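**Student:** For reference, the chains in residue letters:
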Amino acid sequence: MARLVVLGGGVSGHTAATFAAKWLGSAHEVVVVTPNSKWNWIPSNIWVGVGQMTAEDVTFDLAPVYAKAGINYKQAKALSINPEGKESSDKPFVTIEYTEAGREGENEEVEYDYLINATGPKLNFGATPGLGEGSQLGEHTVSVCTADHAAHASDELDKCIEKMKAGERQKFLIGTGHGMCTCQGAAFEYIFNIEHELKKAGVRDMADIKWISNESFLGDFGVGGLHMKAMGFAVSSKIFAESLFTERNVDWIIGAHVSKVESGKIEYELLDGSTGEENFNFSMLIPPFAGVGIKAFGKDGSDITDTMFAPNGFLKVDANYGAGAYENWKASDWPKTYQNPTYGNVFACGIAFAPPHPISKPMKSPNGTMIGPTPPRTGMPSGIMGKTVAHSICDRILKGDNAPLHEASMAEMGAACVASAGKGVFSGTAAAMTIYPVVPDFEKYPGTGRDTDYTFGEIGLAGHWIKHILHHLFMYKAKLNPGWTMIPE
Amino acid sequence: MAHEHKHGEENIKAYGNNFTTMTPGPFAKWLRTCVIYQFIRFVIINLKMITVVKKSH
Numbered sequence: 001m002a003r004l005v006v007l008g009g010g011v012s013g014h015t016a017a018t019f020a021a022k023w024l025g026s027a028h029e030v031v032v033v034t035p036n037s038k039w040n041w042i043p044s045n046i047w048v049g050v051g052q053m054t055a056e057d058v059t060f061d062l063a064p065v066y067a068k069a070g071i072n073y074k075q076a077k078a079l080s081i082n083p084e085g086k087e088s089s090d091k092p093f094v095t096i097e098y099t100e101a102g103r104e105g106e107n108e109e110v111e112y113d114y115l116i117n118a119t120g121p122k123l124n125f126g127a128t129p130g131l132g133e134g135s136q137l138g139e140h141t142v143s144v145c146t147a148d149h150a151a152h153a154s155d156e157l158d159k160c161i162e163k164m165k166a167g168e169r170q171k172f173l174i175g176t177g178h179g180m181c182t183c184q185g186a187a188f189e190y191i192f193n194i195e196h197e198l199k200k201a202g203v204r205d206m207a208d209i210k211w212i213s214n215e216s217f218l219g220d221f222g223v224g225g226l227h228m229k230a231m232g233f234a235v236s237s238k239i240f241a242e243s244l245f246t247e248r249n250v251d252w253i254i255g256a257h258v259s260k261v262e263s264g265k266i267e268y269e270l271l272d273g274s275t276g277e278e279n280f281n282f283s284m285l286i287p288p289f290a291g292v293g294i295k296a297f298g299k300d301g302s303d304i305t306d307t308m309f310a311p312n313g314f315l316k317v318d319a320n321y322g323a324g325a326y327e328n329w330k331a332s333d334w335p336k337t338y339q340n341p342t343y344g345n346v347f348a349c350g351i352a353f354a355p356p357h358p359i360s361k362p363m364k365s366p367n368g369t370m371i372g373p374t375p376p377r378t379g380m381p382s383g384i385m386g387k388t389v390a391h392s393i394c395d396r397i398l399k400g401d402n403a404p405l406h407e408a409s410m411a412e413m414g415a416a417c418v419a420s421a422g423k424g425v426f427s428g429t430a431a432a433m434t435i436y437p438v439v440p441d442f443e444k445y446p447g448t449g450r451d452t453d454y455t456f457g458e459i460g461l462a463g464h465w466i467k468h469i470l471h472h473l474f475m476y477k478a479k480l481n482p483g484w485t486m487i488p489e
Numbered sequence: 001m002a003h004e005h006k007h008g009e010e011n012i013k014a015y016g017n018n019f020t021t022m023t024p025g026p027f028a029k030w031l032r033t034c035v036i037y038q039f040i041r042f043v044i045i046n047l048k049m050i051t052v053v054k055k056s057h
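Taken in sequence, the protein lines are chains P and A. Here our numbering is used: the first residue of the first sequence is 1, the next is one more, and so on. Here our numbering is used: the first residue of the second sequence is 1, the next is one more, and so on.
Take every hint as true, because none was put in to throw you off.
Computed list of lysine-lysine pairs in DSSO-like fashion (alpha-carbon distance at most 30 Å, straight line):
hint	chain 1	residue 1	chain 2	residue 2
1	P	K336	A	K54
2	A	K13	P	K364
3	A	K29	P	K165
4	A	K29	P	K229
5	A	K13	P	K165
6	P	K336	P	K479
Cβ-Cβ distance ranges computed for the label pairs, FRET-style:
hint	chain 1	residue 1	chain 2	residue 2	range
7	A	T51	P	N481	18 to 28 Å
8	P	D401	A	M22	50 to 60 Å
9	A	P26	P	A101	55 to 65 Å
10	A	F27	P	A101	54 to 64 Å
11	P	E109	A	I40	54 to 64 Å
12	A	P26	P	K159	34 to 44 Å
The set of hints was computed from the structure by calculation and includes no laboratory data. These numbers come from a predicted model, not from an experiment. Backbone N, C-alpha and C fix where the C-beta goes; we use that ideal spot for every residue, glycine too.
Required output: the full structure, derived from the provided sequences and hints.
**Tutor:** Next comes the structure, spelled out in structure tokens:
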């Protein structure tokens with residue numbers, strides 16, 4: 001019997017674990033180690049953050065689902081990986097620390113034959129003074145990164161709406177809280193949901209709404225922007241985003257590294273080296289992401305973290321980490337199999353794998369501050385990676401160690417994104433987009449780097465309907481209800 | 001008030017951040033919430049998304 005251990009139960013880890021359990025059957029064991037007791041459909045946190053859904057609507061308990069799937073579930077966080085075993089045993093293992101109520105702080109060594117690191121990120125609020133401490137959100141801003149954060153954001157939004165109804169003008173500042181953030185799309189969706197809710201509450205004229213982000217141009221979204229087919233043109237996402245911001249009367253600051261957060265005020269540095277301050281009454285700033293801090297140890301107990309992990313804490317995989325300057329970047333730098341180059345039975349997927357470099361062109365202020373989006377690895381690509389890695393491992397377990405690995409490069413896969421503005425079936429509008437491929441391939445698609453037959457975007461109610469359907473479809477799939485394997489990632 | 005349908009244009013600030021962008025006219029806005037048109041778009045967008053999903057697996 002082989003044992004597959006999956007670290008993380010988010011989109012990527014949950015997809016990998018559930019497919020592996022189905023394909024391997026009861027002859028082999030799948031173990032999931034995740035510190036959370038609930039699964040969260042993160043895209044719908046946006047609706048929780050404006051009070052249109054509750055935290056319960058976007059989460060469910062993992063234990064009964066894993067029991068149904070025959071998965072051994074350990075509510076714990078991974079502390080370290082020992083890929084060579086220890087002096088008394090050659091069997092590789094991970095050390096975990098339980099977070100489950102009643103077992104907090106209890107450690108265990110879990111041996112594995114194959115390991116998938118799908119921990120997702122550490123929400124690195126502590127990287128910006130005042131934004132938070134370590135992975136804990138601070139007191140000055142709100143977040144939509146978790147369902148609980150989003151519920152808190154909704155409460156704070158309600159307070160602002162009450163103040164506006166009482167005649168007090170409010171300033172909203174939404175965007176990224178550091179020069180090296182990703183997930184601009186989530187902040188983009190949140191700002192327009194807030195705008196919509198304020199309009200619904202009849203207080204839009206009492207609100208000033210501003211966007212602040214590390215993108216060098218509006219509509220970069222961490223993927224270097226995209227060109228979409230619209231009205232017979234290949235239109236840049238810059239035009240698309242600027243149009244949307246203008247239409248909704250939302251001002252913006254871009255190329256910004258938020259350097260400090262205080263009560264009601266941020267300080268920032270721009271790409272031109274200048275600095276500024278911005279006041280706010282309500283602010284949602286996405287934190288930068290980092291690896292969760294898992295250590296790695298050799299057989300003799302020596303620290304080999306630098307061998308397995310990149311400096312940012314994400315696990316090294318089959319990417320080209322030596323590409324160097326932007327001019328040398330190629331689509332082929334991006335990993336295909338997500339296998340660790342040193343330990344062939346270790347894989348990483350979702351946010352947990354170390355990307356070879358950003359997708360957006362890196363930029364630096366004259367003061368040396370790096371300001372630019374880091375690459376997104378969430379949503380649809382994250383699920384596809386999880387399934388691909390599970391497929392490879394199952395083949396190796398069932399067909400032998402030489403079974404070929406499956407491939408899923410972000411330079412050869414697309415993504416579908418829906419950014420809502422409101423939740424109504426007949427009110428509000430959403431931006432529905434597809435991008436193909438996620439990582440531009442300028443050799444295959446000279447000019448825009450993408451296939452504009454499959455890269456498009458438009459605004460309308462249809463996007464709302466799709467967002468509703470996706471919410472219910474993915475919650476249904478993640479719960480492993482009948483026919484779940486038929487629903488694509 | 002006479003140009004309420006052009007409120008998107010009114011948000012443009014001369015030589016400001018958003019002076020070089022485009023804003024939708026009343027017909028483009030109407031299409032966004034026209035249920036019949038959006039139903040057709042819903043089918044088309046779904047087909048496009050399914051194609052992208054298929055190409056990605």
